[in-house]
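First to last, the sequence lines map onto chains A and B. Position in the first sequence (from 1) plus 11 gives the number in this note's numbering. Position in the second sequence (from 1) plus 475 gives the number in this note's numbering.
In short, the hints are calculated from the structure, not lab data. Please note that a few of the clues may not be correct.
[To be verified] No more than 25 angstroms apart at the CA atoms, straight line, and that leaves these computed lysine-lysine pairs for PhoX-like:
{"id": "1", "chain 1": "B", "residue 1": "K610", "chain 2": "B", "residue 2": "K702"}
{"id": "2", "chain 1": "B", "residue 1": "K551", "chain 2": "B", "residue 2": "K795"}
{"id": "3", "chain 1": "A", "residue 1": "K474", "chain 2": "B", "residue 2": "K610"}
{"id": "4", "chain 1": "A", "residue 1": "K353", "chain 2": "B", "residue 2": "K832"}
{"id": "5", "chain 1": "B", "residue 1": "K832", "chain 2": "A", "residue 2": "K266"}
{"id": "6", "chain 1": "B", "residue 1": "K635", "chain 2": "A", "residue 2": "K479"}
{"id": "7", "chain 1": "B", "residue 1": "K635", "chain 2": "A", "residue 2": "K474"}
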Amino acid sequence: MNLPRRSFLKAGASMALLATAGCDRMPREVRLLMALNSKETGPFSSPAGSTIDPITHVLNRAAFGPRPGDYQRILALGKKSSDKPGAEMSPAQLREAAEAYLAQQLQPEKLQDDQAEYAAARFETLSEPLGELFEYQPELLQNELMRATLARAVLSERQLYEVMVQFWSDHFNIDPSKGDCKWLKVADDRDVIRKHAMGQFADMLRASALSPAMLWYLDGRVNQRENMSEKPNENYARELLELHTLGVHGGYTQKDVMEVARCLTGWTVRSTGKGPRFQIGKVEFNPAHHDFGAKEVLGQRIQATPETNSKQERQQLGSHELERVLRIAMRHPSTAQHIATKLCRHFISDTPPPTAVTAVAKAFAETDGDIRATLRALFATEDFWGSGGAKFKRPFTFVASALRATDAKTDASLEVIDFLKRMGHAPFNYPTPDGYPEQAAPWMGTLLWRWNFAVALSQNGLKGTRIKMEALQKKAGGEEGLMAHLLGRQATAEEKTAFHESGAGLALILASPGFQRC
Amino acid sequence: MNSAQHFVSGNRDERRTLVVIFLRGGADGLNMVAPLQDDGYYRARPRIAISKSKAVPLDGFYGLNPLLQDLEPVYKDGQLAIIHAAGSEDDTRSHFEAQDLMEHGGLVGGGWLGRFLRAQTQGTAGPLAAVALGKAVPECLRGAPAATVFQSLDDFSLGKEQGRLMRALAGLYGRETDALGAAGQYTLDALRRVEKLRGEIYHPSAGAEYGTDSFATGLLQIARLIKARIGLEAASLDLNGWDSHFGQSTVMDPLMTRLAKGLAMFYKDLGPALETTTVVVMTEFGRRVEENSAFGTDHGRGSVMFVMGGGVKGGRVLGKWPGLTRDVLEGPGDLPVVNNYRNVLAPILTRHGAGDKLDQVFPQFELNPLPIYG
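The task is simple: from the sequences and hints, build the whole structure.
See the structure below:
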């Protein structure tokens, strides 16, 4: 929802009066406004170990890195009342604390998230209904999408949720530069990806199949067969099987692709420049463009619909084939395997361990694609806990984690986005449907811009982004505390030396190999 | 090959650089490379056609606009190929639509050059792999693994304290034994090369003297980056203002002079480095065959493309001339597009390492590559 400016001002004026009232009785606008300045952190403790411990590990993988104070907040989750204050925690206790954090993160709806909501609400186009989006310049929409995505990654309390939003944005990638996607991607991000990121995979798959942006991006809108001489457009059908469900070696054939395409003929989306303006973006099924013949998809028969059926029946049966096809693809064992492999690559390692993949795939299959249950299974594998510091941050994670670690106040300005563009990892800028690569190798060429960003951030050289280096170091308990906070472990002797010799300690640590890993 | 070398030779055996020059506004191919032997040309343009006596003869049929004569030696050297009746399938005759579709490579997400760089650099895109000279990264580079607007060499530095910071980073990255260590070393090396460049005044080779216009200085910067071997794989540069609706000659003449002079100097300056460089010149559409009442031409279809560089079997005008008879002309009287721009770009991208990924670069299009390399 938009925050109307007038009620916002009113809210500000009455804030002082309300400040003494209980937080939950305040109007939402007031709470959001108060959230703005309520996040000053006090002194905080940093990890004491020489390697990445479980708490830092979950902050690295299930979040976009630690903010000041995060480590100690999670540490507190593992403390019992019987523990002596100040006593060191055992490895088992650290793991328990980290698990408690994951349990919280797996229920994002229970986490208050005023600061991120407030930041995102500034990007007003993102809450516009589908039809209204066409009133805006595409460039504005794209900029607001990118900025809001970064702002949420930096500010949100629902970190795992934001991580999953990014994961599914890649999985169901759409480059908004194609046709009407310029406008429609905003709705796709909101109504497909963000809506279902921690829900049911089947729901997300269906929402994506019927997303106006996806119908544009993968040409579903022109997939039709008015007569038998017309060839269906296979683009979406292929990517549905290859990328969204079974995976490239998932056991489907070219015939399956063609049959899926036939099942989906007739679905389309109203485009700009055609018909009344208020209907642009509307998704509909046109039986006259559907192929009603018999089909066989992945070994399952879909019966022909005789021409003797009524118009209504044909409408219903024809459009229902989409549901059938999605269910067949979604329940295919290769789909569980494919999603599990991708999740394990994201959360565990570029070379996903087979045992973990098997466990995660099992949970996916048994729960019919319940995303939370699937993640729970992943976080229960020893492979996950044993993979600390082994991944290379993708540029977006690098930037978000640097902003979080330094407690930067940022408006996620285009200057920051520009760095992401230079690193080839700005949100919603990937051209092909496979989404940004997950592995380290394609990102190895981005160090120059990471170092540049580290220098710019630490010198307050980015417009709209401010850090307080001295205060941060003080709160971290000095240089060593600061380094441990940034690296998620105690700095090595070499890192300490480099910190001093560089003449730019903060930039050096942010640019160092240790900060590129997670 | 270790990882560091892998970076240096960004695309397999030797690093190649593709320079894409976009003539925005719809450049009139018919008056740049005139079909001297087609009477239809002179009938349609009684006042603005390039006369046979003034044209620089190329092959007996075509002649260069005299303002492009600096390109003649390159053509005669066999390093410049011309493709006529070239363009895209888009027939909106709208600058925006036609440019957008051409830069994307059709109704596709991302730019063709961006997709090419993604496809061919599996794991190796260097930090300075792609630069755009100008104000913004053009749509053709959208989605590239690393693309940056090149304004000055100062952008490629770590600020005033660079020396100390680099030494400290060299210490830390030097201790890493994996790909990250190699990437760090490579990046430090690139920074040192840029640092060295910054301290030098650039002297173009072979007495090349670039002009002072932004097109010429852009080419100079590109030549400089190519010769410094910092891993440049793609550069884009625009030459704007070709929309010659009236007073065609006043609009186009200075642009043609700039184009020809710039390219000729670049050719001279690069010398042997041209072997691993390709320059492509393209425009969104050509112009109406018939001149209009204002000594200009309106938006048309087919235009001309130039390809200059290593391995090109130049000294030829490629593609079949369709003629200018009424049955041939398209729509309101336009030179049809016989040679789709993708079929010109495809063999070039193959030479630059596209491997078997051309269908990703130009999806939904049946390629029929032109024999640019013979």
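Verification of the supplied hints:
| no. | hint | verdict |
| --- | --- | --- |
| 1 | B:K610 - B:K702 | 23 angstroms, holds |
| 2 | B:K551 - B:K795 | 20 angstroms, holds |
| 3 | A:K474 - B:K610 | 19 angstroms, holds |
| 4 | A:K353 - B:K832 | 23 angstroms, holds |
| 5 | B:K832 - A:K266 | 23 angstroms, holds |
| 6 | B:K635 - A:K479 | 21 angstroms, holds |
| 7 | B:K635 - A:K474 | 19 angstroms, holds |
Checked against the numbered hints above, the structure violates none of them.
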